[in-house]
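Enquirer: Residue numbers (my numbering), protein chains in the order written: chain A, 1 to 237; chain B, 238 to 354.
Careful, some of the hints might be misleading.
[To be verified] Derived pair list, reagent style BS3-like, types lysine-lysine, alpha-carbon separation capped at 25 Å: (1) Lys253/B to Lys71/A; (2) Lys253/B to Lys281/B; (3) Lys253/B to Lys64/A; (4) Lys293/B to Lys281/B; (5) Lys140/A to Lys71/A; (6) Lys71/A to Lys8/A.
No lab work stands behind these hints, which were simulated from the structure alone.
Remember, it's a predicted structure, so these values are computed and weren't measured experimentally.
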Amino acid sequence: MNDPQPRKVMLISGARKGIGRFLTEHYLAQGWHVVGCSRGPTDLQHDHYRHAQTDVANEDDVVKTFGEVRKVEGRLDALLNNAGVASMNHFLLTPARTAEAIMRTNYLGTFLLSREGAKLMRGNGGGRIVNFSSIGVPLKLEGEAAYNASKAAIGELSQILARELAPFSITVNVVGPTPIATDLIRNVPKASMERLLKRQAIARLGTFADVVNVTDFYLRPESCFITGQTIYLGGVS
Amino acid sequence: MTVRTDPKPDDALGLKMSNQIEAAIYSAIDQVNQHLPMEMALAKSPNQALMGSGSKLDSIALVNLIVAVEQSLQDSLGLPVSLADERAFSLTHSPFRDVQSLAQYIQVLINERPATT
Chain A
1 MNDPQPRKVM LISGARKGIG RFLTEHYLAQ GWHVVGCSRG PTDLQHDHYR
51 HAQTDVANED DVVKTFGEVR KVEGRLDALL NNAGVASMNH FLLTPARTAE
101 AIMRTNYLGT FLLSREGAKL MRGNGGGRIV NFSSIGVPLK LEGEAAYNAS
151 KAAIGELSQI LARELAPFSI TVNVVGPTPI ATDLIRNVPK ASMERLLKRQ
201 AIARLGTFAD VVNVTDFYLR PESCFITGQT IYLGGVS
Chain B
238 MTVRTDPKPD DALGLKMSNQ IEAAIYSAID QVNQHLPMEM ALAKSPNQAL
288 MGSGSKLDSI ALVNLIVAVE QSLQDSLGLP VSLADERAFS LTHSPFRDVQ
338 SLAQYIQVLI NERPATT
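Here chain A stands alone, though its shape is the one from the complex (with noise of 0.2 Å):
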């Protein structure tokens, strides 16, 4: 008998910890399979959570966790590209690799994590695509040339996947949070923050069901017609 509600199944990207240990948990608890993969192992358990150590910057391995989303899954449905990595600093003192650093996970990793998702959800008929952008790219914020380039790439990849993967009825979609209370911004002096949040319409932190809320709505059945847009949060545009 065919199951009438086949499992939906997602892959999340940087599920350690952070907005991304958040997102695994929160779409857990929605009665999602959740498929989370980090450089590092996990402490999280959950019957309907695998954990794969993965450098979301290395094709070989992307392929390899995807095959095996592949085999143990047989589908997959949603992917959240949240993995990243920041760093701040001026242009004139940035090393090359830092700012290649940055964009091996930042955009290279969206990019191979969303085509291999892609192929996947390409099977099952399609599937939602969510990529992980910033504030800072149209704030142009200084001291963040590389993480924002990388930021930037990312918006620019997502509409143009948007276009080529629409005929499979993936949608793919960008979320831009502000500055959030995690590792990312452990290292950002005070006074430099508060700069930051003054040029937000709504001048506070956010948090991590802020974001929620926008991916969301990008994976509601509703919002099969959105696609190749970016929500910023805070009031910044």
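Using the hints provided, position chain B relative to the given structure of chain A.
Expert: Structure of chain B alone, referenced to chain A:
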């Protein structure tokens, strides 16, 4: 009089691999044909064109076929293979010109794989 020599073990392995690659491609063709009108169906032949004037596949159908081949290879050989290639849509250099060039390309990719994976 010709003297028949048994194939060397490496040759036998190579032949087996070649047959498996061909079977994987044909399995993908079967899948893609299910979604194509009868008159556009692909033949399971090494000479079947996948691009250019000899092929009736549009770019989306070609992408579907290539992804189906990747998944078929994973199922039959247990190998996760990515067939992404910057020459994909080049009429003269694409490894996806026809079934034979696709099979040769897959063989090269598999031979290039590190022995540990």
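Enquirer: All hints, please: hold or fail.
Expert: Against the structure, the hints come out as follows:
1. Lys253/B to Lys71/A: 24 Å, holds
2. Lys253/B to Lys281/B: Holds - the C-alpha atoms of lysine 281/B and lysine 253/B are around 18 Å apart, at most 25 Å.
3. Lys253/B to Lys64/A: 23 Å, holds
4. Lys293/B to Lys281/B: Roughly 14 Å separates the two Cα atoms, so the pair holds.
5. Lys140/A to Lys71/A: 43 Å, violated
6. Lys71/A to Lys8/A: Holds - the C-alpha atoms of lysine 8/A and lysine 71/A are around 15 Å apart, at most 25 Å.
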